[in-house]
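Those sequence lines, one after another, are chains A and B.
All the letters of the first sequence, read from the start, carry residue numbers 1 to 327 under the numbering used here.
All the letters of the second sequence, read from the start, carry residue numbers 1 to 96 under the numbering used here.
Among these hints, one or two may not hold up.
Residues of chain A placed beyond 10 angstroms of chain B at every Cβ, according to the derived structure [to be verified]: (1) F96; (2) R156; (3) I163; (4) N182; (5) Q209; (6) Y210; (7) T211; (8) R215; (9) E217; (10) F257; (11) S258; (12) L293; (13) E296; (14) A298.
Straight-line C-alpha distance at most 20 angstroms; calculated SDA-like pairs for lysine to any residue [claimed, not checked]: (15) K252(A) <-> M46(B); (16) K252(A) <-> S96(B); (17) K252(A) <-> N37(B); (18) K82(A) <-> A67(A); (19) K35(A) <-> A67(A); (20) K252(A) <-> P22(B); (21) K252(A) <-> A40(B); (22) K252(A) <-> R89(B); (23) K252(A) <-> R45(B).
Hints listed in this document are in silico derivations from the structure and should not be mistaken for laboratory results.
Even for Gly, the Cβ is constructed at its ideal location relative to N, Cα and C.
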Amino acid sequence: MVVFGSVGQTVVPESCTVKKSQATKVRPPAAGGAKRLIHPVVVYPFRPPEDYGDLETLYGLVARLDAQRETYARPITVLDRKTHASLQGKPRFEAFHRDIVARCSDVLDAWCVDTCQMWYAGLGRAYELGGPDDVYWLIPGDFNYGSPVGQEVLSRLHDLPEICIELGQDICVGEIEADHNNPKQLIDTHGTFALLYNWFPNEGREIRQYTERPRSEFFAIRHAFLGEMLHRRWYAYEQTVVVLLRAVQTGKRITRFSVGNISDLEEGRESFASAVQQVERTERVLKSVWRELHAEQADWAERYRRLETQSEQVRRAALILLENLLS
Amino acid sequence: MNRDRYSAHRNLRGVNFVCHAPQAESVSLVGDFNQWNPTAHPMERMADGGWFLVAELRHGHHRYAFLVDGHLTTDPRAMGATRDDQGRRVSLVAVS
């Protein structure tokens, strides 16, 4: 049986709090002796939204999940405290938070440096409440779920944890398909994969056999693999790449599933400044992961210097291309 | 397992499979649903060089591939990609 926890039974990090009124709701055991649950973890937008339409659509799904107690654990919403503080006193936010978010999910307030730390807080909290057969489903909040594409994505997201369960997969990555000129695709093609091929060429090739979007924020992950990742260093950025690297290196069962297609939509351009930031972050993370894996080896420093020199060339080339394409 | 979600999970649904292999002598559909049996779901050659089959599948997610003249081939138009129990790259289809 899944063990159903409460705040009093689990260790909550000091940087996190769970709203007592919600957290003390202990979900009853599933009927029929079900042995596995899906834990939805919603990452509330780091930047406050102007329009609540997208979030209302998203929380319509969350409310439906919350009602299916045989299948889903109580959803968790991770809300960064800076975001929360900046919105306090605003009637629209307070009403939305009180009447919708807190009604269908446990709200986890956490101090987070970036989105991936929100993942860490939310997935960590869900993991503490979960059991060995459970699956954890990350749902980013900053997506245009109210749009036609967003609704299509939302209608397919449930497949991710279901694939983990039905097909015994350790991780299922949701991929939003886009054409080659999509800004995010350009960043992954010329930045993420180019850097991966420098630092981790074998793993990069293997990852690309599954997905063209290794930085996807849509994924579901099995209990044991999540536990493995939670107990390793967790990065503030590009954590999906780190998870996929680990999955490939340790022979995990990986699935990629398409959750939508934005190829035919007109889309605002990603700014070049944003692209620079994303490429630099990816490089920083890959360098750190490489050092962690190789720092015990005698010749690591020399190899690191060589790779770092190459990495700088790769990054500069990527940024020249991205400047040409995005500016 | 989300069987409860699909209360009609025993129901079958026709799913279209198309494989573009104009030079092939034979193509069949293999997957978890037929125990990867190469003779269970032979595909039919179409005039345009494609091979076509409507397979009746249960609700849920299924791993599959095309067996093109005996060679396991993934579906470039698949909903997903994964590996089978032998570690071979295969495709994924969701039936809802």
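Evaluated hints:
no.: 1; hint: F96; in the structure: holds, 28 angstroms
no.: 2; hint: R156; in the structure: violated, 8 angstroms
no.: 3; hint: I163; in the structure: violated, 5 angstroms
no.: 4; hint: N182; in the structure: holds, 19 angstroms
no.: 5; hint: Q209; in the structure: violated, 6 angstroms
no.: 6; hint: Y210; in the structure: violated, 5 angstroms
no.: 7; hint: T211; in the structure: violated, 8 angstroms
no.: 8; hint: R215; in the structure: holds, 17 angstroms
no.: 9; hint: E217; in the structure: holds, 17 angstroms
no.: 10; hint: F257; in the structure: violated, 4 angstroms
no.: 11; hint: S258; in the structure: violated, 5 angstroms
no.: 12; hint: L293; in the structure: holds, 23 angstroms
no.: 13; hint: E296; in the structure: holds, 29 angstroms
no.: 14; hint: A298; in the structure: holds, 33 angstroms
no.: 15; hint: K252(A) <-> M46(B); in the structure: violated, 39 angstroms
no.: 16; hint: K252(A) <-> S96(B); in the structure: violated, 27 angstroms
no.: 17; hint: K252(A) <-> N37(B); in the structure: violated, 26 angstroms
no.: 18; hint: K82(A) <-> A67(A); in the structure: violated, 30 angstroms
no.: 19; hint: K35(A) <-> A67(A); in the structure: holds, 18 angstroms
no.: 20; hint: K252(A) <-> P22(B); in the structure: violated, 36 angstroms
no.: 21; hint: K252(A) <-> A40(B); in the structure: violated, 30 angstroms
no.: 22; hint: K252(A) <-> R89(B); in the structure: holds, 14 angstroms
no.: 23; hint: K252(A) <-> R45(B); in the structure: violated, 37 angstroms
Of the hints listed earlier, those the structure fails to meet are numbers 2, 3, 5, 6, 7, 10, 11, 15, 16, 17, 18, 20, 21 and 23, in rising order.
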